[in-house]
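Chains as they are written, first to last, in the working numbering: chain A, 1 to 582; chain B, 1 to 438.
There's no promise every hint is true.
[Claimed, not checked] DSS-like mimics (lysine-lysine), calculated; alpha carbons at most 27 Å apart, straight line:
| id | chain 1 | residue 1 | chain 2 | residue 2 |
| --- | --- | --- | --- | --- |
| 1 | A | Lys573 | B | Lys422 |
| 2 | B | Lys422 | A | Lys424 |
| 3 | B | Lys273 | A | Lys96 |
| 4 | B | Lys371 | B | Lys437 |
| 5 | B | Lys273 | A | Lys37 |
| 6 | A | Lys376 | A | Lys437 |
| 7 | A | Lys37 | A | Lys139 |
| 8 | A | Lys549 | B | Lys428 |
| 9 | A | Lys169 | A | Lys128 |
| 10 | A | Lys287 | B | Lys369 |
| 11 | A | Lys37 | A | Lys196 |
| 12 | A | Lys96 | B | Lys229 |
| 13 | B | Lys346 | A | Lys546 |
| 14 | B | Lys273 | A | Lys62 |
| 15 | A | Lys2 | A | Lys37 |
| 16 | B | Lys390 | A | Lys424 |
| 17 | A | Lys6 | B | Lys44 |
| 18 | B | Lys7 | A | Lys66 |
| 19 | B | Lys260 | A | Lys399 |
| 20 | A | Lys66 | A | Lys139 |
| 21 | B | Lys346 | B | Lys369 |
| 22 | B | Lys369 | A | Lys44 |
| 23 | A | Lys18 | A | Lys37 |
Honestly, the hints are just simulated from the structure, not real lab data.
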Amino acid sequence: MKTTGKVNGIISNIVIVKADGAVGQNEICHVYAGETKMMAEVIKVIGDDAYVQVFDSTRGLKIGDKVEFEGHMLEATLAPGMLSRNYDGLQNDLEKMDGLFIARGSITDPIDYEKKWEFKPLAKAGDKVTAGAWLGEVKEQWVAHKIMVPFIMTGNYTVKSVVAEGEYKVTDTVAVVADADGNEYNITMVQKWPVKQAIRCYTEKPRPSRVMETGVRAIDTFNPLAEGGTGFIPGPFGAGKTVLQHAISKQAEADIIIIVACGERANEVVEIFKEFPELVDPHTGHKLMERTIIICNTSNMPVAAREASVYTGMTIGEYYRSMGLKVLVMADSTSRWAQALREMSNRLEELPGQDAFPMDLSAIISNFYARAGLVKLNNGETGSVTFLGTVSPAGGNLKEPVTESTKKAARCFYALSQGRADSKRYPAIDPLDSYSKYLEYPEVEAYLGEKIEKDWVSLVYRGKTLVQRGKEANDQINILGDDGVPVEYHERFWKSELIDFVILQQDAFDDIDANCPMERQQLMYKKVLSICERDFDFADFEECSKFFKGLINLFRQMNYAEWQSEKFYDYDKQIDAYIANH
Amino acid sequence: MTRAFQKIYTKIDNITKATVSLRATGVGNDELATVGGRLAQVVKILGDNVTLQVFAGTEGLATNSEVIFQGEPPKLRVSDNLAGHFFNAYGEPLEGGEIIEGEAREIGGPTVNPFRRLQPSELIATGIAGIDLNNTIVTGQKIPFFADSDQPYNAVMANVALRAKADKIILGGMGLTNDDFLYFKQVFENAGALDRIVSFVNTTENPPVERLLVPDMALTAAEYFAVDKGEKVLVLLTDMTLYADALAIVSNRMDQIPSKDSMPGSLYSDLAKIYEKAVQLPNGGSITIIAVTTLSGGDITHAIPDNTGYITEGQLFLRNDSDTGKVIIDPFRSLSRLKQLVIGKKTREDHPQVMNACVRLYADAANAKTKLENGFDLSEYDERALKFAKAYSEKLLAIDVNVEITEMLDTAWTLFAEYFSKEEVAIKAELIEKYWKA
Numbered sequence: 001m002k003t004t005g006k007v008n009g010i011i012s013n014i015v016i017v018k019a020d021g022a023v024g025q026n027e028i029c030h031v032y033a034g035e036t037k038m039m040a041e042v043i044k045v046i047g048d049d050a051y052v053q054v055f056d057s058t059r060g061l062k063i064g065d066k067v068e069f070e071g072h073m074l075e076a077t078l079a080p081g082m083l084s085r086n087y088d089g090l091q092n093d094l095e096k097m098d099g100l101f102i103a104r105g106s107i108t109d110p111i112d113y114e115k116k117w118e119f120k121p122l123a124k125a126g127d128k129v130t131a132g133a134w135l136g137e138v139k140e141q142w143v144a145h146k147i148m149v150p151f152i153m154t155g156n157y158t159v160k161s162v163v164a165e166g167e168y169k170v171t172d173t174v175a176v177v178a179d180a181d182g183n184e185y186n187i188t189m190v191q192k193w194p195v196k197q198a199i200r201c202y203t204e205k206p207r208p209s210r211v212m213e214t215g216v217r218a219i220d221t222f223n224p225l226a227e228g229g230t231g232f233i234p235g236p237f238g239a240g241k242t243v244l245q246h247a248i249s250k251q252a253e254a255d256i257i258i259i260v261a262c263g264e265r266a267n268e269v270v271e272i273f274k275e276f277p278e279l280v281d282p283h284t285g286h287k288l289m290e291r292t293i294i295i296c297n298t299s300n301m302p303v304a305a306r307e308a309s310v311y312t313g314m315t316i317g318e319y320y321r322s323m324g325l326k327v328l329v330m331a332d333s334t335s336r337w338a339q340a341l342r343e344m345s346n347r348l349e350e351l352p353g354q355d356a357f358p359m360d361l362s363a364i365i366s367n368f369y370a371r372a373g374l375v376k377l378n379n380g381e382t383g384s385v386t387f388l389g390t391v392s393p394a395g396g397n398l399k400e401p402v403t404e405s406t407k408k409a410a411r412c413f414y415a416l417s418q419g420r421a422d423s424k425r426y427p428a429i430d431p432l433d434s435y436s437k438y439l440e441y442p443e444v445e446a447y448l449g450e451k452i453e454k455d456w457v458s459l460v461y462r463g464k465t466l467v468q469r470g471k472e473a474n475d476q477i478n479i480l481g482d483d484g485v486p487v488e489y490h491e492r493f494w495k496s497e498l499i500d501f502v503i504l505q506q507d508a509f510d511d512i513d514a515n516c517p518m519e520r521q522q523l524m525y526k527k528v529l530s531i532c533e534r535d536f537d538f539a540d541f542e543e544c545s546k547f548f549k550g551l552i553n554l555f556r557q558m559n560y561a562e563w564q565s566e567k568f569y570d571y572d573k574q575i576d577a578y579i580a581n582h
Numbered sequence: 001m002t003r004a005f006q007k008i009y010t011k012i013d014n015i016t017k018a019t020v021s022l023r024a025t026g027v028g029n030d031e032l033a034t035v036g037g038r039l040a041q042v043v044k045i046l047g048d049n050v051t052l053q054v055f056a057g058t059e060g061l062a063t064n065s066e067v068i069f070q071g072e073p074p075k076l077r078v079s080d081n082l083a084g085h086f087f088n089a090y091g092e093p094l095e096g097g098e099i100i101e102g103e104a105r106e107i108g109g110p111t112v113n114p115f116r117r118l119q120p121s122e123l124i125a126t127g128i129a130g131i132d133l134n135n136t137i138v139t140g141q142k143i144p145f146f147a148d149s150d151q152p153y154n155a156v157m158a159n160v161a162l163r164a165k166a167d168k169i170i171l172g173g174m175g176l177t178n179d180d181f182l183y184f185k186q187v188f189e190n191a192g193a194l195d196r197i198v199s200f201v202n203t204t205e206n207p208p209v210e211r212l213l214v215p216d217m218a219l220t221a222a223e224y225f226a227v228d229k230g231e232k233v234l235v236l237l238t239d240m241t242l243y244a245d246a247l248a249i250v251s252n253r254m255d256q257i258p259s260k261d262s263m264p265g266s267l268y269s270d271l272a273k274i275y276e277k278a279v280q281l282p283n284g285g286s287i288t289i290i291a292v293t294t295l296s297g298g299d300i301t302h303a304i305p306d307n308t309g310y311i312t313e314g315q316l317f318l319r320n321d322s323d324t325g326k327v328i329i330d331p332f333r334s335l336s337r338l339k340q341l342v343i344g345k346k347t348r349e350d351h352p353q354v355m356n357a358c359v360r361l362y363a364d365a366a367n368a369k370t371k372l373e374n375g376f377d378l379s380e381y382d383e384r385a386l387k388f389a390k391a392y393s394e395k396l397l398a399i400d401v402n403v404e405i406t407e408m409l410d411t412a413w414t415l416f417a418e419y420f421s422k423e424e425v426a427i428k429a430e431l432i433e434k435y436w437k438a
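Start from the sequences, fold in the hints, and give me the full structure.
This is how it looks when you write it as structure tokens:
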């Protein structure tokens with residue numbers, strides 16, 4: 001018998017419910033405004049008053065309206081058929097909704113219950129299994145989607161039977177397992193999991209040791225993101241956070257991409273809806289949309305569902321990780337999620353922390369980032385969730401609570417700078433403020449040494465030093481004037497400009513330059529470094545700047561040329577000749 | 001408009017500057033009521049204790065003032081007859097005009113399903129190079145002017161609106177001075193455009209809290225023309241800073257904890273609900289929003305412009321250019337995020353590169369200027385960059401320039417050739433070959 005209740009208070013989307021029975025924290029309930037059924041989540045209980053946040057508009061709701069409690073927390077439905085879907089923050093399929101507008105109380109199935117899948121068994125009767133064990137697989141797009149023992153089944157089980165290879169619906173029983181006492185459980189291809197809890201069906205979570213290529217030079221070469229790692233991109237508006245995130249989602253070397261559009265602009269999501277079904281994944285040759293799931297809770301959609309959206313995305317990511325896949329989860333922007341927390345906390349009249357954010361903001365953020373990671377599954381395979389979030393700091397000030405809390409949790413920091421954006425130096429990743437802690441990991445150093453070339457990391461540091469020295473030289477020039485410093489200062493400055501223009505800057509809107517494979521990055525970077533290590537004997541600073549401007553122009557043309565094309569090599573020769581001529 | 005079944009209450013328990021509360025039953029959230037004849041809206045219900053926000057303020061209300069609940073949220077009557085009329089914040093005709101017949105629609109209605117939206121792809125030409133060349137606007141976009149209060153933002157906006165070839169222009173005026181209101185009216189009248197204009201206006205003479213209704217009224221009208229009629233609608237909202245101030249007043253009266261700059265914690269969501277109504281619809285209709293956010297002393301880190309910048313698809317800065325004495329659209333700080341959808345696609349192929357090169361060279365001039373101010377000698381290149389900057393700002397950036405985009409591109413190429421070498425301009429070689437003006 002479900003607990004029911006009646007509405008006893010309404011403050012915006014917080015509703016106070018008088019419940020007639022037991023109510024759990026974070027339990028889901030449905031609030032009825034007339035015939036319309038709206039989902040809500042319990043966020044506080046005082047006596048028999050349950051405070052629930054409604055994932056919808058409470059317009060017209062009245063005292064005494066009916067409420068039904070569901071006895072479970074907010075859950076994601078996990079099954080084959082999620083790839084290529086476009087969900088809202090509560091995993092309703094947006095495509096299945098009727099009409100131009102999202103009607104209040106719209107609920108649609110996240111998966112197709114009628115579709116039949118070609119099931120292939122992987123386990124057999126007698127196998128000992130635990131939660132997350134692979135019982136069989138179906139082909140979802142081109143991904144081998146594993147059918148697993150549901151994550152909520154704690155303890156040890158024995159497989160009693162697995163159905164033969166054939167076509168099944170997601171709700172058909174595909175296996176039967178029994179616990180130690182002989183109780184049998186039917187297993188289907190669908191399972192549910194409460195989104196706010198991490199899925200922990202793995203034996204260990206080792207430190208990340210491989211790098212996830214993104215095709216963005218300023219990241220891959222200068223501050224690489226590890227597979228199973230975490231990173232964040234803070235930047236004032238207009239600095240290019242979203243363009244950068246889109247570039248990464250198109251190019252990253254991952255099996256599955258989950259994009260959480262959290263409280264951001266609808267037109268940006270429309271761009272993904274439109275482009276991804278047509279763009280080709282550079283690593284597999286399949287359409288991008290085939291590996292992508294979009295969770296879309298734009299800024300005008302209900303605030304409470306915005307908070308849920310990041311958890312829904314992460315849970316789906318963890319689900320695919322348990323199949324031994326490389327998953328990249330991206331959220332744009334985590335600040336909107338934090339603001340949703342602030343709005344709730346404010347309506348609950350909790351004592352505020354800094355900037356009116358809830359006191360436990362920092363803990364909530366670290367907890368969330370901690371769900372990412374490389375894991376060793378029970379069967380010895382590995383899977384990973386790499387998480388990359390953007391942060392939209394108020395006023396572009398990186399000392400605000402969300403940025404500071406995230407900085408404690410994430411290992412890569414890609415600071416977008418207003419100055420770089422203003423002078424159209426995109427991506428505006430600040431080469432000096434940004435960092436990747438993974439460069440310090442001996443595992444990562446060894447991996448890069450093997451994958452790219454020996455001592456690659458020390459080459460990276462050399463480039464960073466050149467940029468740093470160039471900046472110092474430029475400061476001196478600005479203080480003392482062009483003539484007030486030795487010509488070497490100009491040379492030092494222009495060498496850092498060379499690295500900036502050729503390596504760090506990249507045209508995200510050019511078909512060729514947008515995605516730079518590691519092999520090409522290596523070649524370009526080493527070519528630039530070799531020039532930086534030469535001593536040029538310039539007569540004066542004007543000769544120096546003229547020389548480098550010409551050189552930069554040639555390099556830029558080379559960046560625009562197709563990799564290993566005739567034109568590419570032609571520019572390569574032109575550059576060599578240009579230098580020899582000096 | 002009292003109806004037979006309406007309950008009348010005559011005992012108010014609490015009165016604050018903006019709200020009253022009383023004991024009442026059967027009341028819905030967001031419902032409208034009149035309190036002593038003034039329009040009010042339910043903002044909080046706790047048991048039988050109902051709090052109402054009185055739009056016109058509570059001055060002079062007494063504990064025995066009549067409270068009549070209307071049983072429904074605020075609505076606007078929509079029909080084609082809206083065009084050519086001026087309304088107040090409640091959607092009532094100004095200056096004793098007739099009440100418009102039509103279907104009553106709830107304002108602040110639901111969200112367009114993002115999956116049903118189309119990608120904006122139609123360019124809106126304004127003739128202003130600071131917009132068309134550097135920060136191209138497209139239908140379905142939302143973009144504000146960030147301006148100081150002494151800048152001619154309303155004039156620029158009226159200009160943009162009239163040149164933009166929209167089917168309907170909807171003006172939402174919040175805290176507009178009477179003079180500015182008359183200015184808009186006159187400009188539209190002179191242009192012979194009154195029949196495609198609908199205005200919802202709250203002037204400084206009206207109570208500030210009434211402003212909160214203006215954007216929703218304007219956008220409900222916009223949705224009628226765009227969704228039902230498939231028209232291209234341009235919505236002008238001025239001044240959103242005054243709207244946000246009204247939000248702050250209400251949240252303050254309701255004892256909410258303020259966040260940054262005394263603004264309510266929900267400012268982002270409140271503004272997003274308005275701006276996200278901008279949409280390109282599958283039926284060809286669209287809503288484009290051009291707004292004004294006034295800044296105090298150019299400070300864009302204040303909560304209002306800051307939150308706005310994260311919501312809108314770019315922003316346009318006005319600046320007085322000391323070199324030419326003209327108002328220009330600042331090429332550094334202005335940005336249109338949707339320009340990538342049209343430039344070089346709907347416009348000539350060289351558009352993106354020309355635009356970037358112009359801004360880069362203009363930045364070189366800015367650096368040269370700093371050098372000059374610090375008393376350093378200028379190089380020969382610096383001198384040329386400065387000359388270029390002056391010509392660029394006079395011939396392209398100034399808002400009184402009114403030319404087609406192709407002409408703007410040609411002008412830019414002329415300036416390149418006049419002041420720079422091909423290497424210095426650093427544009428893709430194929431484009432240089434094709435367009436360089438020898």
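| field | Non-conforming hints, listed in increasing numerical order | value | Hints 4, 7, 10, 13, 20, 21, 22 are the ones this structure does not satisfy, whereas the remaining hints hold.
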